Amino acid sequence: MNDLDTFRTALHGDEDGLPPALDDIMSAGRKLRLKRRAAIATVAAAALVVTGGVTATTWQAQAPPARTGAPAASAWPTPTASAAPDGYWGLPVDTGIRQRNSKIKINAFHNDNPAYPDIEFGIRVCAATPTDPQAFCDNTFDEEAPDNSPGFHAIGLPSASENVNLPMYGYYVGPATTITVKSRGKVRTAKTATWSEDPNVVFFWFPLDQVYLQADKNDPMYKLGKVTKNELPDTSDWTAYDAAGTKLPVGKPFVIG
Amino acid sequence: MARGDAEFAEFAGASFQRLRRAAYLLTGNSQQAEDAAQTALVKTYAAWRRVQRQDPYAYTRRIMVNHLKDQWRRPIREDAHEPERLPDRASEQDLAGDITEQRWLLAALAKLADRERAVVVLRHYFDLSERDVAAELDIAVGTVKSLNARALAKLRISLDTGEPIMNGVTS
Numbered sequence: 001m002n003d004l005d006t007f008r009t010a011l012h013g014d015e016d017g018l019p020p021a022l023d024d025i026m027s028a029g030r031k032l033r034l035k036r037r038a039a040i041a042t043v044a045a046a047a048l049v050v051t052g053g054v055t056a057t058t059w060q061a062q063a064p065p066a067r068t069g070a071p072a073a074s075a076w077p078t079p080t081a082s083a084a085p086d087g088y089w090g091l092p093v094d095t096g097i098r099q100r101n102s103k104i105k106i107n108a109f110h111n112d113n114p115a116y117p118d119i120e121f122g123i124r125v126c127a128a129t130p131t132d133p134q135a136f137c138d139n140t141f142d143e144e145a146p147d148n149s150p151g152f153h154a155i156g157l158p159s160a161s162e163n164v165n166l167p168m169y170g171y172y173v174g175p176a177t178t179i180t181v182k183s184r185g186k187v188r189t190a191k192t193a194t195w196s197e198d199p200n201v202v203f204f205w206f207p208l209d210q211v212y213l214q215a216d217k218n219d220p221m222y223k224l225g226k227v228t229k230n231e232l233p234d235t236s237d238w239t240a241y242d243a244a245g246t247k248l249p250v251g252k253p254f255v256i257g
Numbered sequence: 001m002a003r004g005d006a007e008f009a010e011f012a013g014a015s016f017q018r019l020r021r022a023a024y025l026l027t028g029n030s031q032q033a034e035d036a037a038q039t040a041l042v043k044t045y046a047a048w049r050r051v052q053r054q055d056p057y058a059y060t061r062r063i064m065v066n067h068l069k070d071q072w073r074r075p076i077r078e079d080a081h082e083p084e085r086l087p088d089r090a091s092e093q094d095l096a097g098d099i100t101e102q103r104w105l106l107a108a109l110a111k112l113a114d115r116e117r118a119v120v121v122l123r124h125y126f127d128l129s130e131r132d133v134a135a136e137l138d139i140a141v142g143t144v145k146s147l148n149a150r151a152l153a154k155l156r157i158s159l160d161t162g163e164p165i166m167n168g169v170t171s
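Here the protein sequences come in this chain order: A and B. Read in order, the letters of the first sequence are residues 1 to 257 in the UniProt record's numbering. Read in order, the letters of the second sequence are residues 1 to 171 in the UniProt record's numbering.
One chain only, chain A, in its complex shape (with noise of 0.2 Å):
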């Protein structure tokens, strides 16, 4: 045994000791993944108490054009205020899917949650009313800087609301023109769109039929078609290509939630 051997013995000590006072730290958990929520949903209804009316622009969700060797995005672009409405950054974008009277699409937004003081990108998939562009959405936004570092970053799991289903959808840095997932055995290709504000960020997202969450047949809302809250998606091997169909970096640990 060397001296690093009985160095790294010596750190390794004594592990043992009371154990964590687990009453106590689900409780403040639960404090906090509240506190988060309701910072998020402060945000979005302050943007659209000041903006109540304006009907943003859309752009049709389309195949990115060919990029070979883009960039990584080094920093994000200012929010402008034309950006501004109901809390956009950027122009949201039509992904193609349709709920009863709702069209659902993808906007960027930028985080202020004083929460994550690094983290400045923010994506939100929205069913948007004839009424209300942001009738009911899910966000979701890295825990962990960079949040513009190249490969995948926050992904929204599925959700649904009484009325409207919500796709898996979230964010890519970097010139993917593919992004494929394995689900249930199945290698399945997301729709995707580049970012008004910068073409290296690809938003993507499933169509609902294809990346889902495992239902729950006890559920009422199962007989009515709907996105059940149960299982995670069964979901792995998230994969990005660029156009000349060679494999992108999966990038930083992402979290799917």
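Simulated from the structure, these hints should not be mistaken for laboratory data. Predicted model only: the values in this text are computed from it and were never measured. Ideal Cβ positions, reconstructed from N, Cα and C, are used throughout, including at glycine. Any given hint could be a false lead.
[Unchecked claim] Label-pair ranges, simulated between beta-carbon atoms:
| # | chain 1 | residue 1 | chain 2 | residue 2 | range |
| --- | --- | --- | --- | --- | --- |
| 1 | B | Lys69 | A | Pro19 | 38 to 48 Å |
| 2 | B | Lys111 | A | Tyr241 | 33 to 43 Å |
| 3 | A | Thr131 | B | Val141 | 48 to 58 Å |
| 4 | A | Asn101 | B | Lys69 | 43 to 53 Å |
| 5 | B | Asp35 | A | Ala244 | 19 to 29 Å |
| 6 | B | Lys154 | A | Asn113 | 35 to 45 Å |
Starting from the known structure of chain A, fit chain B onto it as the hints suggest.
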């Protein structure tokens, strides 16, 4: 009990002592270590649905190290690196020299700069690769190598790995 709580309880029980030990090595203060480990678990639980399918242990470790890194930036560190006073007189259980060894260890770690100490703990306690340490601390791999070599030199520990030490950087 909410969905996932049982899994979290199992995870927390299995990882807590190791996290607390690492925090203790990083701070030299048992109360601060306990707080850091619990804070990391609180944040992990808040995001449990998201992280449980990834690598929750790596996530929690990263949260804890970041939490302690934040302490570095504070102008007043509230004795963050002041080793606790250990008993002057050996107890009956000190026959194997455990306390003496731990006293030496804390005193030695206290001589290191914050980043050197973090590199040593991540590299030699968590057994992370130099690349992973670099990612965790958001520094270059070369910096990890030099910090590690410098720290071990301060601790008067010979690497004895067959790798030459040149200019303070292991190749």
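Structure-based check of all given hints:
{"no.": "1", "hint": "Lys69/B <-> Pro19/A: 38 to 48 Å", "in the structure": "violated, 26 Å"}
{"no.": "2", "hint": "Lys111/B <-> Tyr241/A: 33 to 43 Å", "in the structure": "violated, 50 Å"}
{"no.": "3", "hint": "Thr131/A <-> Val141/B: 48 to 58 Å", "in the structure": "holds, 55 Å"}
{"no.": "4", "hint": "Asn101/A <-> Lys69/B: 43 to 53 Å", "in the structure": "holds, 49 Å"}
{"no.": "5", "hint": "Asp35/B <-> Ala244/A: 19 to 29 Å", "in the structure": "violated, 51 Å"}
{"no.": "6", "hint": "Lys154/B <-> Asn113/A: 35 to 45 Å", "in the structure": "holds, 40 Å"}
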